[in-house]
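> Sequence:
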Amino acid sequence: MDGLAQIFIGSVLLSLVHATIPSHWLPLITIGQTEKWSQKETVTIAAITAVAHSASTVVIGIIVGMIGYQVSESYHHITHYVAPVILILLGLIYFYLEYKHSKIKTPHQHHHIDVDKIIKRKSKRSIVFTLSLAMFFSPCLEIEVYYLTASRLGWLGISVVSLVYFFVTVIGMVFLVYFGAKGVKKLQWHFLEHHDKLISGVVLVLVGLLAFFIEF
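Heads up: the sequence shown runs through residues 1 to 216, numbered per the working numbering.
Do not take every clue at face value.
Unchecked claim - Simulated crosslink set (SDA-like; lysine to any residue; CA at most 25 Å straight-line):
id : residue 1 : residue 2
1  : Lys40     : Ile127
2  : Lys197    : Ala55
3  : Lys197    : Ser126
4  : Lys182    : Ile48
5  : Lys197    : Phe212
6  : Lys100    : Pro22
7  : Lys124    : Leu141
8  : Lys197    : Val51
9  : Lys124    : Phe212
10 : Lys40     : Thr130
11 : Lys36     : Ile171
12 : Lys124    : Gln33
13 : Lys103    : Ile88
14 : Lys100    : Phe167
15 : Lys40     : Lys182
16 : Lys103    : Lys197
17 : Lys36     : Lys103
18 : Lys40     : Gly172
As the list claims (entries may be wrong) - Using C-beta positions, here's what the derived DEER-type ranges look like:
id : residue 1 : residue 2 : range
19 : Ser23     : Trp155    : 30 to 40 Å
20 : Ala47     : Lys100    : 30 to 40 Å
21 : Leu156    : Ser123    : 39 to 49 Å
22 : Ala5      : Thr30     : 34 to 44 Å
23 : Lys182    : Asp2      : 36 to 46 Å
24 : Leu97     : Val71     : 42 to 52 Å
25 : Thr34     : Val71     : 40 to 50 Å
26 : Ala55     : Val85     : 27 to 37 Å
Hint data in this document are derived by calculation from the structure and do not stem from the laboratory.
Computed from a predicted model, the values in this text were never measured in an experiment.
For each residue, glycine too, the CB sits at the ideal point set by N, CA and C.
Using the sequences and the accompanying hints, generate a full structural model.
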């Protein structure tokens, strides 16, 4: 497998897992039902918030990637060894958080969107603004670290991660909100919702190992 293929596969895996975590899209369905939005309105607002979330992640990621590219020219080991190690360590941290959560049995919290606070707002515009702002300031940490690995391919690697993450996240969230609003949310999303850290941890470790053992 060449470097570009590895970057592409890693980006798709991280983006898919990130987009399917219920804390990103399930609150949008709840708010839409509470505010009695039409399906079209709910899906449109989902697209807006997904774009806001993806845009901030990509902007930060490009900056991280540029720094990584500059550093890799002089210190190749940083992007070849350090970046994958960070991904693996981040995955292990998620494993620990999952273990800690399972032991103390605390109620699961939605970290990106506080539904109770948002639905108190009366105007649809203020709700959309608050949702977009909340998602904008919640960039995806996992993909930011992956930009360091992608930076070994320069702008090509950075562009691949940016495009894949942006489109997979936006399309994925819109897709899930669309079918969720139609009633598919009655499916058992309990495992994903309560074990998102475990799933993210597994993917991070796998992507980190993939990046570590494949030389560009």
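> Compare the structure with each hint and give your call.
Evaluated hints:
1. A threshold of 25 Å between alpha carbons decides the hint, and for lysine 40 with isoleucine 127 the separation of about 16 Å falls inside it, so the pair holds.
2. Under the criterion of a C-alpha separation no larger than 25 Å, the hint pairing lysine 197 with alanine 55 is consistent with the structure, at around 23 Å.
3. Restraint check for lysine 197 and serine 126: the C-alpha separation of about 31 Å exceeds 25 Å, so the hint is violated.
4. A hinted pair counts as satisfied when its Cα atoms are at most 25 Å apart, and lysine 182 with isoleucine 48 qualifies at roughly 19 Å.
5. Between lysine 197 and phenylalanine 212 the alpha-carbon distance is near 22 Å, which keeps this suggested pair within the 25 Å criterion.
6. The hinted pair formed by lysine 100 and proline 22 meets the criterion: a straight-line CA distance of about 20 Å does not exceed 25 Å.
7. Note on lysine 124 and leucine 141: the hinted pairing is violated, with a Cα-Cα distance of about 29 Å set against a maximum of 25 Å.
8. A C-alpha spacing of about 23 Å is found between lysine 197 and valine 51, which places the hinted pair at or below 25 Å, so the restraint holds.
9. Restraint check: the Cα-Cα separation between lysine 124 and phenylalanine 212 comes to about 47 Å, which exceeds 25 Å; the hinted pair is violated.
10. Pair hint lysine 40 plus threonine 130 holds up; C-alpha atoms about 19 Å apart against a cutoff of 25 Å.
11. Taking the CA atoms of lysine 36 and isoleucine 171, the gap is near 23 Å; set against the 25 Å cutoff, the hint holds.
12. For the hint pairing lysine 124 with glutamine 33, the CA-to-CA distance comes to about 13 Å; that is within 25 Å, so the pair holds.
13. In summary, the hint linking lysine 103 to isoleucine 88 is supported, as the alpha carbons are separated by about 23 Å, within the 25 Å threshold.
14. Distance hint between lysine 100 and phenylalanine 167 is unfulfilled; the C-alpha atoms sit about 33 Å from each other, more than 25 Å.
15. In summary, the hint linking lysine 40 to lysine 182 is supported, as the alpha carbons are separated by about 11 Å, within the 25 Å threshold.
16. In summary, the hint linking lysine 103 to lysine 197 is supported, as the alpha carbons are separated by about 14 Å, within the 25 Å threshold.
17. Taking the CA atoms of lysine 36 and lysine 103, the gap is near 38 Å; set against the 25 Å cutoff, the hint is violated.
18. Of the supplied pair hints, the one linking lysine 40 and glycine 172 holds, its CA atoms being roughly 16 Å apart against a limit of 25 Å.
19. For the hinted restraint 30 to 40 Å between serine 23 and tryptophan 155, the CB-CB distance of approximately 32 Å keeps it satisfied.
20. As the Cβ distance of alanine 47 to lysine 100 is approximately 35 Å, the hint placing it in 30 to 40 Å holds.
21. For leucine 156 paired with serine 123, a C-beta distance near 44 Å keeps the hint of 39 to 49 Å intact.
22. Checked against the hint of 34 to 44 Å, the pair alanine 5 and threonine 30 passes, with Cβ atoms roughly 39 Å apart.
23. Under the hint 36 to 46 Å, the C-beta atoms of lysine 182 and aspartate 2, about 41 Å apart, fit the expected range.
24. Taking the beta carbon of each, leucine 97 and valine 71 are about 29 Å apart, not inside 42 to 52 Å as hinted.
25. As the Cβ distance of threonine 34 to valine 71 is approximately 47 Å, the hint placing it in 40 to 50 Å holds.
26. Between alanine 55 and valine 85, the C-beta spacing of about 28 Å keeps the proposed range 27 to 37 Å intact.
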